[in-house]
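J.: Given the sequences, and given the hints that come with them, work out the whole structure.
Residue numbers (my numbering), protein chains in the order written: chain W, -15 to 405; chain D, 14 to 302; chain S, 9 to 315.
Source of the hints: derived by calculation from the structure; they are not laboratory data.
Heads up, the beta-carbon is just placed ideally off N, CA and C, and yes, glycines get one too.
Be a bit skeptical, because a hint or two may be false.
As the list claims (entries may be wrong) - For each label pair, taking beta carbons as the anchor points, the in silico distance ranges come out as: (1) 344/W with 91/S: 51 to 57 Å; (2) 155/D with 393/W: 51 to 57 Å; (3) 78/D with 229/S: 42 to 48 Å; (4) 41/S with 108/D: 34 to 40 Å; (5) 65/W with 200/D: 55 to 61 Å; (6) 91/S with 46/D: 44 to 50 Å.
Okay, here's what each chain looks like letter by letter:
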Amino acid sequence: MFRRWIVFGSVAAIVLAACAAPAATPTPDSGTPAPGATPWNPAGISGSATLGQWESSPSERSALAAALAAFAVTYPAISVDQETVAGDYRAQMITRFGARTPPDLFYVNAEYARDWIDQGFLEPLDDYIARQSFSTNPFFKEYLDIFTGSDGHIYGLPKDGNTIAMAYNTDLVAAAPATLDDLLAAAAALKGKGSLKAPICLNPGLDRGLAFLYAQGGELLAADGKAPAIETPASTAAVQWYLDLFRDGLGMTAGDMGDGWCGEALGKGDVAFAFEGGWLLGYMRDSFPDTSWAFAEMPTGSSGSKVTISYTAAYGIGADSANKDQAWSVMQFLTGPTGMATWTGGGIAVPSRSDVPVPAGFDIIVKGAEYSRPGSGFMRGYNDVQKAFQDAFTAEIQDGTYSAAAVVTATARAIAQQLSN
Amino acid sequence: MNAADAPGRERGQTLRRRLAYTLLLGYALLMFVPFAWTVITSFKTLPDATRLTVIPDPITLGAWEYTLSRLDPSVVVLFANSVFIAAAVTVTNVAFGSLAGYAFARLRFPGRDALFLIVLATLMIPDQLRVVPVYILFSSVGLTVGAGQYVAVIFVTAVSATSIFLLRQYFLTIPRELEEAARIDGAGFFTTFWRVMLPLATPALAAVTILAFQGAWNGLFWPAVFLSPDSDHWTLPLGLTLFRLTGGQGTNWPPLMATVVIATIPILLLYIVFQRYFVEGIAAAGVKG
Amino acid sequence: MRRRAPAHRRPEAIAAYCMVAVPMLIFLLLNIGTFLYAAYISVWNWNIRSGPVDFVGLRNFERILGDPIFQIAIRNSIYYTVVWVPLTMAVGLFLAVVVNQKIRGQTFFRASFYFPAIASSAAITTLWIFLVAPDGFFNEVRGALGLNPLFQLFGFGPHQNWIGDRRTALNSVIVLNAWTTSGTFMLFYLASLQAISREVYEAAAIDGANAWQAFWRITFPLLRPAHFFVATVGMIGGLQLFDQAYIAGSPNGDPVNALMTIVLYLYNALFVQIRPGYAAAVGIVLFVIMFGATLVQRRLFGGTPAS
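T.: So this is what it looks like as structure tokens:
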């Protein structure tokens, strides 16, 4: 049955790609070729390229297979060899960079994109972009910025994106709260009801906390990005507000409920609210088909404006990759309108371009992209900042002290250290 | 603990033995809890798998069907790759480990203690630190592509200091008299090793066989580094990374557990076969003289 | 320093070198070579792709030793090793002695005691996390057995999150690994027990020793090579604790560094922060600790048993 779907999906993708083939040959709509450079025609390239990727599920595999099948129809002269990394993607890619034998084309998660750019692992793409007159305008700017180095060069093209939205159990919550105050009221009313372990599943770190920090008018960095802003009264108050959710028993971590993550907590009925991205759709369908739930936009906080956080990943080419031209040909197709439509049509990811149709069920997630801010990849060494926040935050919860002061101090110190590096 | 000849000692001892036996049985059964859980979960549906219930509701063969027929690479390929690599690594570890273990335990040669310290020192460098230089080395000689990937994994685990160390310690416990008798008969060092010492070391060889095979069978680190690019070369532990759910969050427990069951049984059988050599007297047989 | 081998010993030395040649060559290439490489880059600010950036001398080492997170990592790794090794040795030896006797169902006991050691660390750790979860098997069973008041005495509620609470995370991993590795240690001891002649016990029995005395007077000292092996391999493995900490606590050593170990710290330096020179320096510090501890253990347990 599953195999049949792969076949069906691939056939559909090929048909779709064949029909769209004329459109897949890029037409210059913006960006002019660099003076003196030979114009680029990806269809004139032949050979092969390796594609290094993680694979998180069978549905992700079939979505990528469909996109690559569509590529093969449009560009029959280039073959793509998939190298699915089993296990720790980041560690294995670093090993390959160290040996100067990276795959030709590979995924770059926003989380470590800046570090990889700074280390010189990635090839700048500006030349290819200019020569082909490949337009980067349709990409959501916030996604593209993450893969733009401090030197102004573009080192990756976003392959998809995701934003965090509010998921709620529709049996327990009649109408989605529109503001954080409404959320608190709904949570307080639900506390201790039925089989709930807590009303809200929360993450003790910036991974989700950043969305609440922004919503409550807090900031991590100053506007110019050159100093920490987590210690300002507004930010401290926002962190304190987030901590109080735990203190008041309105929120709990998935681990403390015995769940692997908040999606599982929502599915099992341990909580009524969880804050997750588009990945929740497929998970709930597979694991908890009987739980009725819905997505709603992130509630508005005291900042008064809508805000959420986003996550993205890109395709990149290695500075030491052997077949860069072929890799670019594959990349411009997969991140182009046709390739991305096939990929996101698989129902596991959301387009990173505004000119690609929204896959069914993802409208709230895509809507979030209109007002979202990056959830990672906006500064170097962000992992250490996240760790500092989460360690201090968790300590406050486990020690029962619930004070934001130590959390913001530790986080500010970590930020300052990264900015001074 | 008490050697006194108190009256009723006989009865007390039987009672105590019963109690000890019951405790042992309880402890032994407790050891099976995780495996029992694995087996039970493999017959559950995905929603049911997240609940702490003993009887699957409903009982389904879905996960087994999925594991046996729909994995890509197929479970047969994964299994075959695992068997091939683990068998090769076991043979090299037993062969090189016993030779070197014997030399370090029994032969006298300049630099022996220093060399042995170096052997121990090789255990003290974390794989995480070795991976980049080793990968550079192997990729420069073409062992990171095609069939060379198998060679790379086998080579890097071909001989472990643990095997040498274990066998050396065992050879140290074997009484010297036997060996000396053989030497007086004019046997060379290799003949003595092969004819006299190796048969006496059967229990340790069995232990090294079990450990080397199991280590290679369960190994994830080096196979992930070298075998990742070509999924037809994957081993079972690499295959275990395939059971994530859509979006990478959450785990598809039932087929994962079915695969764990498949991965566990060969080692269990191997262990049951080889533990027979842990019999008192094998080594001591010749000490009579 | 030793002088040249006497002439009559030369064939023995040549035979010995032949026997150790292949392993030593492999070690030279894959271990000693990488150690020297690590030692070299540890004094550099090093780019993993393009090589040396600038020479920093011992500054990497200064930074490591001054980093509070590294100090936590060292403390955790040493605490883990000091508790886990003796505990696992004791359990392993006990099990080995038990299944070495001719008891009914010997094969069954041998198999079941070894059973936890069979599964891969990834599989067994994942399962363990599930079993000791707040609503998991362990908490349910102790509740059903009425043991909760006892745990309450130590401040643990009925839904204690053993792996997620920073007070109990490391000890939970110790219990997990003692439970799984005791089977392996049993295997080591079981093999070694076979080398002890029955006649030794018979002689002791004639002298009027009971089983307990025979164990402490004969078995335990005769197992000295096995003790040295188990203690050394255990110590080296313990100080390199990684898999279980990584799976249970993510690369960050959650919760709050409770599961931060030296190798996890090294992993972060190399693969997250991408500072190969710094990571190499961590490896060198770890090496020095382990090598020193091995020399001490060699003093304690090394050498051959009295014959």
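J.: Any hints from earlier that this structure breaks? Give me their numbers in increasing order, please.
T.: Numbers 3, 4, 6, in rising order.
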